[in-house]
Amino acid sequence: MAKITAAAAAVLESRSLRGARAVRLLHRIHHRFLLLLGATAPKAGRRKVARSREPKSLRAADEKQEQDVEAQDPNAAAAVSASDSASEAAVAGKYWAHRYSLFNLYDRGVCMDAEGWYSATPESIAALQAARAAPGDLVVDAFAGCGGNSIQFAARGCYVVAVEIDPRKVELAVHNARVYGVEDRIEFIVGDFFRLAPFLKADLVFLSPPWGGPSYIEAPVYTLDMLKPKDGYATFQAAQKIAPNVMMFLPRTVDVAQLEELSWMSCPPLDFETEENYVQHRCKGITAYFGRRYLRTRIREGEAQKIRRLTQRRSCEAGKLRHVCRKGNRLEDEKAI
Numbered sequence: 001m002a003k004i005t006a007a008a009a010a011v012l013e014s015r016s017l018r019g020a021r022a023v024r025l026l027h028r029i030h031h032r033f034l035l036l037l038g039a040t041a042p043k044a045g046r047r048k049v050a051r052s053r054e055p056k057s058l059r060a061a062d063e064k065q066e067q068d069v070e071a072q073d074p075n076a077a078a079a080v081s082a083s084d085s086a087s088e089a090a091v092a093g094k095y096w097a098h099r100y101s102l103f104n105l106y107d108r109g110v111c112m113d114a115e116g117w118y119s120a121t122p123e124s125i126a127a128l129q130a131a132r133a134a135p136g137d138l139v140v141d142a143f144a145g146c147g148g149n150s151i152q153f154a155a156r157g158c159y160v161v162a163v164e165i166d167p168r169k170v171e172l173a174v175h176n177a178r179v180y181g182v183e184d185r186i187e188f189i190v191g192d193f194f195r196l197a198p199f200l201k202a203d204l205v206f207l208s209p210p211w212g213g214p215s216y217i218e219a220p221v222y223t224l225d226m227l228k229p230k231d232g233y234a235t236f237q238a239a240q241k242i243a244p245n246v247m248m249f250l251p252r253t254v255d256v257a258q259l260e261e262l263s264w265m266s267c268p269p270l271d272f273e274t275e276e277n278y279v280q281h282r283c284k285g286i287t288a289y290f291g292r293r294y295l296r297t298r299i300r301e302g303e304a305q306k307i308r309r310l311t312q313r314r315s316c317e318a319g320k321l322r323h324v325c326r327k328g329n330r331l332e333d334e335k336a337i
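Position 288 of the sequence shown, counting from 1, maps to 288 under the UniProt record's numbering, and the rest follow consecutively.
Do not rely on the hints blindly, as some may be mistaken.
As the list claims (entries may be wrong) - Dumping the calculated SDA-like pairs for lysine to any residue here, alpha-carbon to alpha-carbon at most 20 Å: (1) K94 with Y118; (2) K228 with W264; (3) K230 with H281; (4) K241 with F199.
Keep in mind the hints are simulated off the structure, nothing from the lab.
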């Protein structure tokens, strides 16, 4: 009887071992199947699907890796885990790797919203554009955004009137200008450029209006009527009433013939020049220069005092422009009522 009991126990034990092995095998197959589903899922939700069914050991390893990343750069972890929205996912994925090309001092606390990640001018391009301006010029940045171009014009020695309709972007631009130490050369105005244009006067207007989001690249030829909120012709005409010199930063596929049309349609016709702008051997856009050509010359010591006097006068003019813009906004509001 004891032999029979021992034999039965051995059979049951062997069956339980085979059952446990089968369970483990099924668990592995199930886990790999879930990982396969996660690999074929959309990129924005891939990590969330895989993390919810990972074994505890893998989850612990991932959490430790995230903690290491956060210890090295807290902004990176915040950008990756901030939100599940499409715009934030794009920030964490495609654009995060280019943060230093957008702002070289990003690690010092530069801030951008979701739109700023794909609409800000790369710093190297903004610096080249600002190099065309003369130190002491009064520049109107019509669509300032998060302040990339305004900062570079101010670093060049210009006084800048930065116009932006989104109050949140103005807050970010003020913060970024403070990071670069040029906030004293920029007057930030919350308002609609087209409403404020009749009240503004300057030496140069810089135009980088919204291109229509990342989908603009799908168009084989970018035409001026694709610009937002108004087409390129209306935007250029508004800028001409402010200054005799205009810069426009546009997509690399822009129709150059339309830009030439802008130059000869002016009265008198304007000097015209285009420049392809590259970052790491990739063309990021085209800058069109209208009006007299600014010279990239180093400031001589004998001219430094003149420039200081000129910048002081420009600072006073910028303050007056801010007062005039507020008055213009009130007049427009009264007319609307």
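Here is how each hint holds up against the structure:
no. : hint           : verdict
1   : K94 with Y118  : 9 Å, holds
2   : K228 with W264 : 23 Å, violated
3   : K230 with H281 : 31 Å, violated
4   : K241 with F199 : 9 Å, holds
Hints 2, 3 from the list above are not met by this structure, while the remaining hints are.
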